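Asker: Starting from the known structure of chain P, fit chain S onto it as the hints suggest.
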Amino acid sequence: MMNNSEPILAGVFQLTQLLLVVLAAPLLTGWVNQCQAWLQNRSGAGMLQPYRVLHKLFHKDAVIAHNASWLFRITPYIVFGCMWLATAIIPIIAVDLPFSRAADVIALVGVFALARMFIALAAMDIGTAFGTLGARREMLVSFLAEPALLMVLFTASMISHSTQLPRIVEALAHHQFALYPSLAFAALAFVIVLLAENARIPVDNPSTHLELTMIHEAMILEYSARHLALIEWASSLKLFAYISIGIALFLPHGIAEVGNWAGLPFAIVLLLLKLLAAGVGLAVLEVVTAKMRIFRAPEFLGTAFLLAVLGLLIHFLLGT
Amino acid sequence: MLAVIGLWSLDASPQMVVLPLGLPDLPLHLRLDSLSSFFLILLGGASFGVSLFGSGYFRHMESKTLGLLCLEYHLFLISMTLVLLADDAYMFMVAWETMALSSYFLVTTDHHVPDIRKAGFLYLLIAHVGAIAILLGFGVMQGGHGIGAYTFDAMREAHLSPFWASAAFLLALFGFGAKAGALPLHVWLPEAHPAAPSPVSALMSGVMLKTAIYGILRVTFDLLHTQLWWWGVLTLALGLMTAVFGVMFAAVQGDMKRLLAYSSIENIGLLLAGIGLTIIFHVYGKGTLAALSLTATLYHSLNHAMFKSLLFIGTGSILHATGQRNMGRLGGLIHQMPWTSVLMLVGVLAIAGVPPLNGFVSEWLLLQAFLLSPGLPDSYINMLVPVAAAAIALAAALAAYVMVKFYGVIFLGQRREQVLEHAHDAGHWERAGMAWLALACVALGLAPVFVVRHVDYVSHLLISAQLGNAAADWMFLAPVDTERASYSPLYFLLAVSGVMLLTVLLVRHLYHGRLRRGPAWDCGFPAQNARMQDTAEGFGQPIRRIFEPFFKIESEMPTPFDTHPKYHGHSDDRLWFMLYLPISRLTERLSGWASLLQHGRIHLYLTYTFVTLIVLLIFV
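As given, the protein sequences belong to chains P and S, one line each in that order. Under the numbering used here, think of the first position of the first sequence as 332, with each following residue one higher. Under the numbering used here, think of the first position of the second sequence as 142, with each following residue one higher.
The set of hints was computed from the structure by calculation and includes no laboratory data. Just to be clear, a hint being listed does not mean it is correct.
[Stated by the list, open to error] Facing chain P, according to a computed beta carbon distance under 8 Å, are these residues of chain S, among others:
| id | residue |
| --- | --- |
| 1 | LEU646 |
| 2 | LEU647 |
| 3 | CYS664 |
| 4 | ARG686 |
| 5 | LEU716 |
This structure is a prediction, so every number in the text was calculated from the model and none was measured. Just so it is clear, CB atoms sit at the ideal spot from N, CA and C, and this is done for glycine as well.
If we strip away everything but chain P, and leave its shape as in the complex, we get (with noise of 0.2 Å):
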């Protein structure tokens, strides 16, 4: 299958797609935030906001706690580069590239987690009441969501018989639009847990201070400057992370393979008009609802977990 050019070859796509998604993911968030503002008649900063915020946060001096120890300050580069790589095993450009051979979905849910996980243990070094209340919550949510993910990604990985991301991507790409009920219930699941995941509203609000309703940004008070950019970056490329996968497992189509010259512009064109599909969609999902109180978010991301087990049941009733 492969001949002697396509390693090489595929690594060049590998590293375009590194280089690409990583410049790309503050835009994607910009677009986001922009179309909010349209929806709610504000002009709105433009899509370049973010890469402006970024360029001030790393001119600026940081400023630790007094009792900050050496996990404060690696934290931040541990969740940029475990978000970072979560991009490179996901086919976004193309399928087929070396990297995801190293880790499939099953490794993917555990990076997000040992991303997680630093970030928690980051928020309560300091030791104020504020980061141990967003490390609590976030947990919270994380566990609900995690497994309600994991089922989503198994129901993919039934109807592939893989848990390789390429292969799953290429199954499902190659059945012609065809649609499958369990991944209707798998898709709707995954919508939720994209929400609750990337700190998105009905869950969290990622423009508030607001005591009462902090999660994601409870647990990131005590950073600033570089820190604080590179995990607002890493938050970025997250949120492009999920939306990949979603486009990956439920509007595959028209991808390219590794070497593909002639398909790369094409599959360039449709994945940029996905992108900011998926982002209006989600602008207007986020300007529709309202944050809810925090104990109801079990029961919102428990709706996800009953859904893609659902999902994962009604493709054994049918079969495929």
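Answerer: Only chain S this time, still in chain P's reference frame:
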């Protein structure tokens, strides 16, 4: 003095050779096959670290009976070894009982504390109920062939009807389950494990529980010929319930050793689920899949032995430094105990199941086994398996919650008590022990292909199926084939560290690395103090609230007008009240009736004897 054990366990480690040789000794049979040697490696590997630690730890203990303690400690290790080597029921039971008794005396080292005496008694009681069941199980398995048939070889020969085989299996599951802490028989575990000195807790949680897993595997796959599918379903269901139950209770504990004990219950649940899945696959003739789930089970046993021992001895160091087991009085120890905190972080990440450490590998293998289940012919079992996978996922995610709480409350944040300022780091021996176990966690996490290839010998022995070529090459673990799933922790670690280094260099180069220290942000409320952090109970509060029906909660909340507000909250196990107290009441009532017969007068007893004789004569 304890270095001797270290040497001994070093000797035990390299026994990777597969020796299907019998060493017949006239009354006692010993045998070392690949299953035994796998568990011996587990025992040797974990106890080497624990003994290194122990040689530092016991030296500083104020206990007067150090010699006695060492004797019991060695006896405990030897009896565990003999349990693994025994090849007949006598030998097995003698070793098993020695193990139970020596660990009982180790648990009650501080026997002047009433709670510890109580915990020890509960442990002894349940250990013996379990031992009786195991003994009966062996009795069933020897199939009525007379006294000489108590060797394991004779049991392998015996052909039991499905009914008697099921009886033997159920007795074994009950007996070994009591030792392992499977669901209704788990009550002793969170009492006894924390009561013992830390190295002993480490051995009990890390190694002794595995002897029960060994027993179940030995009986089910080696001694019994036939397996039935519902054994698998039963074990799987039991395992899942145990896992979710254990981790849920771990989340609400305030005592660090109790938390770890409950987490052991969770891991035993995962192991039982793996065994159940193996039985199901094996019964339906899916050799490779059975080998996969067996590999996952054995791998997880090994992992759990390493990281749980590491965490338990780590709590020993903390106990040493602070004299405090209650997490609500610790905090900020990362500054006082840098070595312990780094090594414990490895253990915490490993047990939480995040890549690239070892806990993740075995969970990954187990989930892969679940995902391959649609090949089964029985559609009802097919339906059950996704639900089971969901429960595993839930338990794994909750384990991360528990471990963030464990590490965060103990090591991070501000000191909750002033005395913690004088806490000192672990000594050299203690550090060496922890470092050994942490190293094992990392190595098992990074070289899964190597481990899986060796575990294959055990699979071959037990279920005569193998994963075979489990990997595309030495870097990629791919249990079935690379198209299906592959995972490479080494590649992953290199990539993460590469990306991290690159980020650090870029940030420093393009911008700067200036850093200032200042006070933490107080949100406009200057009177912040260490009491405002979450305590262990506070961190567990969401779990208590979500899973409320499972706990028996007593809490006491002050009104806002109290001048001396007092908070009090306690979560208990409902099973204790629903199951154990009725049993103990029933026992008391029965013994009350039995005591009616006893009057201490000789002529009454003579009358009883006489009546019995008459009755016997009538029947015979």
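Asker: State for each hint whether it applies.
Answerer: We went through each hint and held it up to the structure:
The closest approach between the C-beta of LEU646 (chain S) and any C-beta of chain P is roughly 11 Å, which is over the 8 Å cut-off, so the hint fails. The beta carbon of LEU647 (chain S) comes no nearer than 10 Å to any beta carbon in chain P, farther than 8 Å, and the hint placing it at the interface is violated. Taking 8 Å as the C-beta contact cut-off toward chain P, the hint placing CYS664 (chain S) at the interface holds, the least distance being around 7 Å. For ARG686 (chain S), the shortest C-beta to C-beta distance to chain P is roughly 7 Å, which falls under 8 Å, so the interface hint holds.
For LEU716 (chain S), the suggested interface contact is broken, since its CB lies about 23 Å from the closest CB of chain P, more than 8 Å.
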